[in-house]
Every structure is written in C-alpha cells, then in structure tokens.
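A.B. asks: So you can see what is in the structure, the chains are spelled out below.
2 protein chains.
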Amino acid sequence: MSRVWNFSAGPAALPQAVLERAQREMLDWNGSGASVMEQSHRGKRFIEMAAQAEADLRALLAIPADYAVLFLQGGATQHFAQIPMNLAGAGDSADYIVSGHWSAKAVSEAATYVRVNVAASGEADHYLKLPARESWQLDPQAAYVHYTPNETIHGVEFHNIPDVDAVPLVADMSSNILSEPLDVSRFGLIYAGAQKNIGPSGLVLMIIRRDLLQRAGRPMAKIFRYAEHAANDSMLNTPNTWGWYLAGLTFQWLQEQGGIAVIGERNRAKAELLYQAIDGSGGYYRSPVEPSARSRMNVPFTLHDAALDTAFLKESEAAGLLALKGHKAVGGMRASLYNAVSLEAVKVLTAFMQDFAQRHG
Amino acid sequence: MSRVWNFSAGPAALPQAVLERAQREMLDWNGSGASVMEQSHRGKRFIEMAAQAEADLRALLAIPADYAVLFLQGGATQHFAQIPMNLAGAGDSADYIVSGHWSAKAVSEAATYVRVNVAASGEADHYLKLPARESWQLDPQAAYVHYTPNETIHGVEFHNIPDVDAVPLVADMSSNILSEPLDVSRFGLIYAGAQKNIGPSGLVLMIIRRDLLQRAGRPMAKIFRYAEHAANDSMLNTPNTWGWYLAGLTFQWLQEQGGIAVIGERNRAKAELLYQAIDGSGGYYRSPVEPSARSRMNVPFTLHDAALDTAFLKESEAAGLLALKGHKAVGGMRASLYNAVSLEAVKVLTAFMQDFAQRHG
Chain H
44 MSRVWNFSAG
54 PAALPQAVLE
64 RAQREMLDWN
74 GSGASVMEQS
84 HRGKRFIEMA
94 AQAEADLRAL
104 LAIPADYAVL
114 FLQGGATQHF
124 AQIPMNLAGA
134 GDSADYIVSG
144 HWSAKAVSEA
154 ATYVRVNVAA
164 SGEADHYLKL
174 PARESWQLDP
184 QAAYVHYTPN
194 ETIHGVEFHN
204 IPDVDAVPLV
214 ADMSSNILSE
224 PLDVSRFGLI
234 YAGAQKNIGP
244 SGLVLMIIRR
254 DLLQRAGRPM
264 AKIFRYAEHA
274 ANDSMLNTPN
284 TWGWYLAGLT
294 FQWLQEQGGI
304 AVIGERNRAK
314 AELLYQAIDG
324 SGGYYRSPVE
334 PSARSRMNVP
344 FTLHDAALDT
354 AFLKESEAAG
364 LLALKGHKAV
374 GGMRASLYNA
384 VSLEAVKVLT
394 AFMQDFAQRH
404 G
Chain S
44 MSRVWNFSAG
54 PAALPQAVLE
64 RAQREMLDWN
74 GSGASVMEQS
84 HRGKRFIEMA
94 AQAEADLRAL
104 LAIPADYAVL
114 FLQGGATQHF
124 AQIPMNLAGA
134 GDSADYIVSG
144 HWSAKAVSEA
154 ATYVRVNVAA
164 SGEADHYLKL
174 PARESWQLDP
184 QAAYVHYTPN
194 ETIHGVEFHN
204 IPDVDAVPLV
214 ADMSSNILSE
224 PLDVSRFGLI
234 YAGAQKNIGP
244 SGLVLMIIRR
254 DLLQRAGRPM
264 AKIFRYAEHA
274 ANDSMLNTPN
284 TWGWYLAGLT
294 FQWLQEQGGI
304 AVIGERNRAK
314 AELLYQAIDG
324 SGGYYRSPVE
334 PSARSRMNVP
344 FTLHDAALDT
354 AFLKESEAAG
364 LLALKGHKAV
374 GGMRASLYNA
384 VSLEAVKVLT
394 AFMQDFAQRH
404 G
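Residue numbers (our numbering), protein chains in the order written: chain H, 44 to 404; chain S, 44 to 404.
The reader is advised that the hints may include incorrect statements.
Note: identical chains are not told apart, hence a pair may lie in one copy or across any two.
[Said to hold, decoys possible] Below, a list of computed lysine to aspartate or glutamate pairs in the EDC-like style, where the Cα atoms sit at most 20 Å apart: (1) K87 / E360; (2) K172 / D352; (3) K265 / D254; (4) K87 / E333.
The hints are simulated quantities; they were obtained by calculation from the structure and are not laboratory data.
The shape of chain H in the complex, shown without the other chains (with noise of 0.2 Å):
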C-alpha cells in the first residue's frame, strides 16, 4: 500500500527521504560495492562516515568541545543502570525527578547501583502535571540529578530546562531530543534511544561532559564503563552500524530542513494545530493534561464517550492514520508528532476528527 501517515510512539516514523536513501544505497553503499551493513567498522569508509555523522550533530545541536558524543547500544533502559555505575561511587546517592512511567522506571533500574533519592515526583497527580522546581527536594551532594524531559506515555514535557546548580543534570532525552533548540552547556549528560527522533531502535546517543568521564563509578567491566567508548571513539566493541549510519542520514536530513531551530518552530506548529483541534472541539475530544505541561511530541487524549475508541482506531486506520491507540497506562489516543511527522500529517489528522465527530456526532 502507499505510505501512510505514521503517529507511532517508537519506533516512530522516520524521514521518507531518508529511507528513499537507504533504499537506494542497500546493495551499493558509498561506491564500496557492498552494503553498509557489510562493512568493517574499523574500515575506512565507515570511520569517515561515523566522523561526519558526530560532525554534523555536534553542528545541528551546537555541541560544545568538552562533551563527548557516544554511539551506545542496550536502549536507554539499559542506562538506565549504567549511568549509577559510571557516575556513583560506593556510598553516592542521586536525585530522581519522577515525571512519568519512564522515569519511574529509571530510578527502579537505578536502584542496584546507586542510592536514589527521588527529589520530587508527579505521581500523587498520576503525571498529568509537572512537579514544580520549588516543590523539589534536590541534595546538593548529590551524584547528579536525573529527569526526562519529555514522557511519551503520560504525554508531559518540561519547557524550560531545571537549574540545579553545580549538580551535574543528567536528561533522557529519548522522545525529545533534536526536536527544538538546545543548550547543550545545562546538561552533565544528555541520552537518547534512537528510535524516536534520530534512527533506528538499537542504537543510544549520548553527548557527555569529559569531566564525568573521569568519575571512577563502581567495579565494572570495561565494555560498560563511558570513558572506554569515548577513549575508543564508541568502537570499543562492533557498534551498530545500520543505526549510526541512519542517523547519519537524519542528521544530514535535519540540516536539509534548515536544522534544528526550523524543526522546533515546525514541532510547535504541529502540537499547536493538534491541541487546538481537541480543545475546539467543544469536549467532544480532551487533553487529559495539564496545559502547561503538555507535550510537543506525545499527545494523548481521549473521546468523550470510551465506547467510540474502537471504531475511531479502525476509521481512522482505514483513513491511512497509523498507531493512534494510547498506551495501555493512560487508555484513549496518542499522536506522536516527532520530527519526521509533517505538518501535513497533523493536518490529516485534525481533518478526520473533525470528521469523525460530525459523523459520530
């Protein structure tokens, strides 16, 4: 069938553009005669293109000289656990802001490895809204501060980035990341699962401050331990080489698009069209959250009458819309509008439920 209009929550929609080029180069990547798949990655064509992939993010998202970027394997669940082991020493104690289901889970995986101490959470409001800064119980001894940003499930974002003072701020950014202009310099480390935003599933960026590199963290094996990817410009084992080579391909995508300050405008754009439909639609649709602290890239929301679920997810397959059903948590709908969804898509999107509410009226 033709393509269709992709809303999935990860692994999401990625850049037609991208894929057309994937496509080509499959059997005949970079002149080699061979896939990129098929490549040594100590080879020579490979290293320069994983150089010029780190190049052009560090171009997109201005990344200063003293942040190492890594090119990581395990999803971000899996650092989940790591980041206490690098960043924890024996005894150590960190500060978690619970926001959503992910970073619910991020102190849970943290557990083994480091004291967490969860400086404020959204739960007793079940993440409709965001802790305010005030209302956090930060320590300033603490080994770092760890948030997300942005929650896919429970469809809350942070707008402004906290101030914790020398603390080093450590972000998931796995649903939000190169979606809007970001000050790099706030951030101690910054990680991503691709496959929202950047790439594939299977692959993790990370953008670390070396000093962190120098932290001795716990007894570990060495394949775990940041400073030896960095040390090893992340082939300290074989990385994937589809997904850097991907998101390669997406960063040199973003720049087309005019780079990340064009994407940012076109995100609101996007979020702004969808929520003005729900809010417009006289309570026929709703926001279940908080609207300052709703999401850019995650927009559940909810049918006035549950009973119209069903036939609004086949309606709206049938109309080419993909993946609208809302996590099993929350119930309703979800819309992920991340980068490689279009305005045009929203526009889709907001013309069926207009639609489907006069036709279901």
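Assemble chain S onto chain H, guided by the hints.
C.D. replies: Just chain S now, with coordinates in the frame of chain H:
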C-alpha cells in the same frame, strides 16, 4: 560499482537475496505502509515476524523446547560480562578455555563478576593450535565452562564439542553459529553477535537452557537479567527491530538453501578449496595454523614474502575482492568464509591467488 566478493571478518557479507528483499520492503513492509523500522515492536505485525524468526531458527538448529531463544543487544563483548553476572553467584568460579583473542577478552570482561579459572590456554602456542582436551584443568564445581568454538583472528576452530560432564558449557559462537549442524543439547548457553552469520551488527542471539534462567546470579538491574528478557519474549525493552527482521530474513534464506546440513557441506567445500590453494602453492602462500585446528570460517594466510602484501591487497581490491587484509595482531591476509560467501567467491579468490603468484613469482 557492482557487488564485490566480500571476505570481511565482520560485519560481514549478507546474502544478496536478503538485502534485495530488505531493499524492496524498505518503505512498505508487510503491507503496513511503513518500514519495519517504523513499527511498534508491540504491534501485531512485528510480533508475528519476531515469532516466525524464532520458529525458523528453532527449526534450523532443532533447538529443544527446554531452551529459550533471546534476541538481545550489546554485542558479544557485553555478554562476556553479563553471562557471569547471570550464571555465577558470590564466590563462584568459572572455567575458561583461552584459544585466541576473543576468549582472552571474554576472560578480562568476566573477571569483575566471577573468579576466573583459566583451565587451558593456547597462548604459549601463539594460538596456532588448540589446547588438547586432556590438558584442561576443569573444576567440577565451576559455575560453567566458557569457550570460543571459533576464533576469528587466529583462525582456529574446535571441530568437536568438548565434553565437560555436568558443568554447563557456554559457547561464544559469534563466528560459527549456523555454519554447520549443531547439537544444541550439549550446551548450557550459546550466544553470538549477529554480524557474521546472522544479520547486521547490534544484535546478539542467545540460546539458553531454561534451568540456567533460574540462577540468582548477582544483584543487578532487571535489564541485565536474562530471565527477564526470556519472560518478556526479548521485548523487556525495545529490541533492535531491524536486526531481528534481517535475522529472520537470513533464517528464511538458510531454509531456502536447504537448511544447515547443506550449508555445512558448502562451508566445508569452500574452506577445503582455499586451504588446498594455500597448501598447493609450493610455499608461496602459507597457513600458520595447525591443520587439525584450522577454521572453516576464517582463513589467515601469509605470502612467502611480506613485501608483496601491499601489492596483493591493492590488486585483489582492484579485482573486486574486498577485505582480505589480516588482523593487525596476526598480519598477512585473512579470508572470512561465512555463510553468505559463495563457493563462487572462493573460486574467484583462489584463481586470483594463483594468478598473482604467477605474475609476482
């Protein structure tokens, strides 16, 4: 350019039919209107594909029902560490057979998590022969015995599965899995990085006897625990969906070839042809490895005069023969003959070698 004859040690050649199918399906997989990379791993289409891939692998290797099959990340290197984390409790020791670069690395990554007993080593023989089974100093109380059936750098391969009595045998089969029929029931745990005989890098396949999933191991985050991955059908977190898909296509291709018995015969014939060309060259080419330990998958060889190495590499590349340079630890040349390397490719290589010897005699 046209497709080359690819002898890369890994990431290695993939079957051309697999690449062509992935190319065709790149923008519209399985009638979904989206790439396989753009699908939720929790969606019906992906789950069906994933289950079929596992079923096909089980059929290919006749994997008994009391073994779980896992699709993981991190490369074999991460599992050098993760295996002792899972299989060894506090105070346990494990036996390691060191037969080359990779088994030595398995020891160093494991050492944080288990008391390593090097039960045998080929180091004194420069890893050019295998330590005889009679010489192994095994501990009947060991948590497991770890060995590397095939060493890609030194080109040595065990041609029989060692008997280690009741202690679970753990094998890093990254470079020889699926290359010949295998009696899985002889093993406690088999694992393999995908990038040689399975698919692209960034995926690790594991076959583990289910009773070993009951071991407590050491305290660790859930994401490191194989039992959790098994209980969640390898979807504890987002898997490498592209790698899984390519692995599934490769399993189908193996079936189309006639299964592993046919592949095993083909691999034997390929290796014989190349070793005959080396041994029959009157000393122009030499294999440094003891004949009984020669690998079918990775064939290192030297030229009688190392001053000819540069010319050999330049001319072979010009003739469309890719990645013949030996590993820097060994020098000379190396041809890797994984499943996707055809008998025809080996014929082209041996013809080139004979021609080169005549011209540079």
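A.B. asks: Taking the numbered hints from earlier one at a time, note which ones the structure violates and give those numbers from smallest to largest.
C.D. replies: Going through the list in order, the structure violates hints 2 and 4 and respects the others.
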